[in-house]
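Student: Going line by line, the protein sequences match chains A and B. Take the first sequence: its position 20, counted from the start at 1, is 20 in the numbering used here, and no numbers get skipped. Take the second sequence: its position 268, counted from the start at 1, is 268 in the numbering used here, and no numbers get skipped.
In case anyone wonders, no lab produced these hints; they're calculated from the structure. Ideal Cβ placement from N, Cα and C applies to all residues, glycine included.
Pairwise CB distance ranges, derived in the manner of DEER restraints:
id, chain 1, residue 1, chain 2, residue 2, range
1, A, Val123, B, Pro318, 20 to 30 Å
2, A, Gly13, B, Thr400, 57 to 67 Å
3, B, Pro39, A, Ile12, 48 to 58 Å
Stretch by stretch, here's where chain A covers chain B in the computed footprint (C-beta under 8 Å, at least three residues):
id, region
4, 100–108
5, 225–231
6, 313–326
Among chain B residues calculated to face chain A with C-beta under 10 Å, some are:
id, residue
7, Leu45
8, Glu282
9, Ile283
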Amino acid sequence: MDSRPFRPRLTIGGVPVHAMLVPFPIVCFTGAMLTDIAYVNSPQVQWANFSQWLLAFGLGFAGLAAICGLVDWFGNRTTARPGSGWLHMVGNVVVLALALINNFVHSRDGWTGVVPTGITLSVLTVAIMVVTGFIGHRMAYVHQRAQVRA
Amino acid sequence: MSARAIRAVVATALVVGVAACSKPEFPAHEQYGNQPRLPAPKQFLFPPMGLATPIGWKANETPTVPQGFAIQGFARNLANPRSVLGLPNGDVLVVESGDPGLAPVLRPKDIVFGLTIGAVHGDTKPGNRVLLLRDTNGDGVADQRFVLADKLFSPFGIAVVDQTLYVAATDAILAYPFRTGDTRLGGPARVLAELPGGPIDHHWTKSLTASPDGAKLYVGVGSNSNIVENGLEAEKDRARIFEVDRQTGAMRPYATGLRNPNGLTFRPGTNDLWTVVNERDEIGNNLVPDYMTHVKPGAFYGWPWSWYGQHVDVRVKPERPDMVARATPPDYALGPHVAALGLAFANGGAFPARYQGGAFVGEHGSWDRTQLNGYQVAFVPFANGRPAGKPEAFVSGFLTKDEKSAHGRPVGLGFDARGALLVADDVGNTVWRVTAR
Chain A
1 MDSRPFRPRL TIGGVPVHAM LVPFPIVCFT GAMLTDIAYV NSPQVQWANF
51 SQWLLAFGLG FAGLAAICGL VDWFGNRTTA RPGSGWLHMV GNVVVLALAL
101 INNFVHSRDG WTGVVPTGIT LSVLTVAIMV VTGFIGHRMA YVHQRAQVRA
Chain B
1 MSARAIRAVV ATALVVGVAA CSKPEFPAHE QYGNQPRLPA PKQFLFPPMG
51 LATPIGWKAN ETPTVPQGFA IQGFARNLAN PRSVLGLPNG DVLVVESGDP
101 GLAPVLRPKD IVFGLTIGAV HGDTKPGNRV LLLRDTNGDG VADQRFVLAD
151 KLFSPFGIAV VDQTLYVAAT DAILAYPFRT GDTRLGGPAR VLAELPGGPI
201 DHHWTKSLTA SPDGAKLYVG VGSNSNIVEN GLEAEKDRAR IFEVDRQTGA
251 MRPYATGLRN PNGLTFRPGT NDLWTVVNER DEIGNNLVPD YMTHVKPGAF
301 YGWPWSWYGQ HVDVRVKPER PDMVARATPP DYALGPHVAA LGLAFANGGA
351 FPARYQGGAF VGEHGSWDRT QLNGYQVAFV PFANGRPAGK PEAFVSGFLT
401 KDEKSAHGRP VGLGFDARGA LLVADDVGNT VWRVTAR
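For reference, chain A alone in the conformation it holds in the complex (with noise of 0.2 Å):
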């Protein structure tokens, strides 16, 4: 049995572009989230474009971590890919899919934009990228063992 441990396959200087793409969607989803907060209690326009600016920009960035991971995932055997990841997969497809319609749903004019279908969405998105940006981390730490070990 193949023993060589996960690999990924789209580094600079060793350091996998999927790690260093995630915290955008990860901060712009989240910021979206507090802005929309800020929103439903002023209700100022402002924190609603706010979380327009950082679901779109999220959502470009998610898509491009998205292509990196996968490209790592495919790009490994299937006796080197770590069973969580297929969690960490779904969960942040889910996210995508999620922060796409928050898109569309904050582009409507006024405080149906982000009440009650849009804050609902940004909260959603932000409790499901806890579950698979932990999994995520955890399974960078894990990669960084095998190699040390191997």
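Place chain B on chain A using the hints.
Tutor: This is chain B only, laid out in the frame that chain A set:
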């Protein structure tokens, strides 16, 4: 977050998405008159949209008119003509104009809308000037053109009173010395009154008319957004008609809550000011119908808090039940999203008796509707000083048969000295002239 919850969210999103693509759920023709059927508002992932590619008119093409009428191009190859005014000596003033381009990109949506809706106004560079057209041989085609005023800031409304030409640019009413019959202005402009222009200037067309006694001017100032998505502070002094003293330039709000009032005109023989108003978008194919109304001094017509009286718009926060309670319903629904911009009443002259006293409405045409609506000059019969009966297509054929392309789009209307109806067509770059045979 359970799998069931995720499924519920995704299912909801799909339902909303499909709803966004569905056809209008009841025919638009039920939305005319003083008691229009108003469906429940909807929220969309992507608002209903239907656009027509601008293709212009070939030299032998014209719009169509009913039996008993004829139409010809009074002047072609103009640069976005939007307003027309017939002078007593037969001369015709035409205002060529375009969007001032002051709206910044505030949201990702602005980029998307700029690439879609912004693309269907044609690629002609707007003239932003006032032309005088003269038909010296009376064949119904202008054979002389004079530029009266040039390099104006998105002019739209126009009026001539007491040897003065008034032009409503998007940021001011300008007054020029001008005598009917002259082919040039008697001097430079004087600013009679400043108008709310930038920042943003979402609805930039400032419609203008004079009171029958000539003492006052009335100017329409459209809202600075669809539904206050730029904040309430951007709506100061907007969505209203101002009364302007012609001598002093002093302004006072004449009526408010009118989202985008255009076609200001007094019904001949009365002191009733009439306007056509473009209502709000993105809550459905059939909401909210644009309307025509006589303007009650001091009245509030609902925007942004409500439409057609007390139909509350939940998109506006904070709520203002006190304002909703004050809202006056308009007289007459013209149909959803027709984009009424021009209004003229038949008054004597050459048109048959049944048209006399009735209203002609220039409908620029919809974007927020899967099935196109408007793109015509409609005729609304009147009885006892109020609209009576359904609107009829009067000048049509602006769209191709498949409704994919637009030869032109009507805007401002007016009657010339010989009683012919003039139609400014900003996409077809033509002023059309409709005569009774």
